[in-house]
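Engineer: Sequence:
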Amino acid sequence: MVTIKLEEAFKLIPLFTLENDIYPFINACDMAVNLVEDKFALTLVKCITTRLCGRASEIIKYKNVTKWINIKNTTTSSNLQIRLNSIKYEMINEDVNDYYHRVEKLYYRLCTAYTINKEEIVAKVIHETLKEQTLVIFIKGLIGPIKTIVKTRNPKTLEVAKQLAKVEEVEFNSDRDNYRYRNDFSNNRDNYNFSLYFQSDNIPITKRLIKYRTPSRIYFNNQGDGLLQREDNVFSELKIGILSSKILKPGQIAVPKHFA
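Just so we're aligned: the sequence shown equals residues 60 to 319 in this note's numbering.
Don't take each hint at face value.
Stated by the list, open to error - Cut-off 25 Å, straight-line C-alpha distance, at most; resulting in silico cross-link-like pairs (DSS-like, lysine-lysine):
{"hint": "1", "residue 1": "K190", "residue 2": "K221"}
{"hint": "2", "residue 1": "K105", "residue 2": "K126"}
{"hint": "3", "residue 1": "K210", "residue 2": "K199"}
{"hint": "4", "residue 1": "K105", "residue 2": "K120"}
{"hint": "5", "residue 1": "K183", "residue 2": "K221"}
For the record, the hints were derived by calculation from the structure and aren't laboratory data.
From just these sequences and the hints, can you work out the full model?
Structural biologist: Shown next, in the form of structure tokens:
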């Protein structure tokens, strides 16, 4: 079997904090431990502890660590727990199903990490505890409107919470799409209102009558003099002397005094 010197093995090990992706660190340490001579194994383990930073260093600070497997199990479970606690539904990049699978994957990894070498009865308790914890975290990570409704339904399992969230996701996306449609329609309408619909070439440019239309009202703008608004079938002038207030009959068109 090929072996390497202790110094070379140490160079393989990157710095690690619990917030980082743990697997590059685990893989590098596994390789270093397997390649170094047995007589240097304990020394290498001590060297590995010096590569732990922040919270990763704190969790083994007061432990008498003599084997790499102990560091591996402790850092792995702690890293997975932090990742699970901070997981959030990324609405732009995923749907509820994708989010559920990410949560479920971390749950199973945590179960494995926490139950290594544990008795069956202890492992079962750990599984149930993690299951309850994961359900709470899953609901907490949902976006506001979906989270509120799912939480009020008080689901008892992660699977039921997922199904409820999927139903609410459909409603949420539908409402969002309708809002976007209304907003786009409003913007297009406003742009149309400010476009020239009709302009008579027989009227001087400063006195031309321009008509704008919306689904609910008609506006007349005597260019250069002001905008006339209809309010309950009454056109009122915005500038004195342009148009006297007048009650309009159905179908009747308001004409400024300049052209009456």
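Engineer: Can you name, in rising order, the numbers of the hints this structure does not satisfy?
Structural biologist: none
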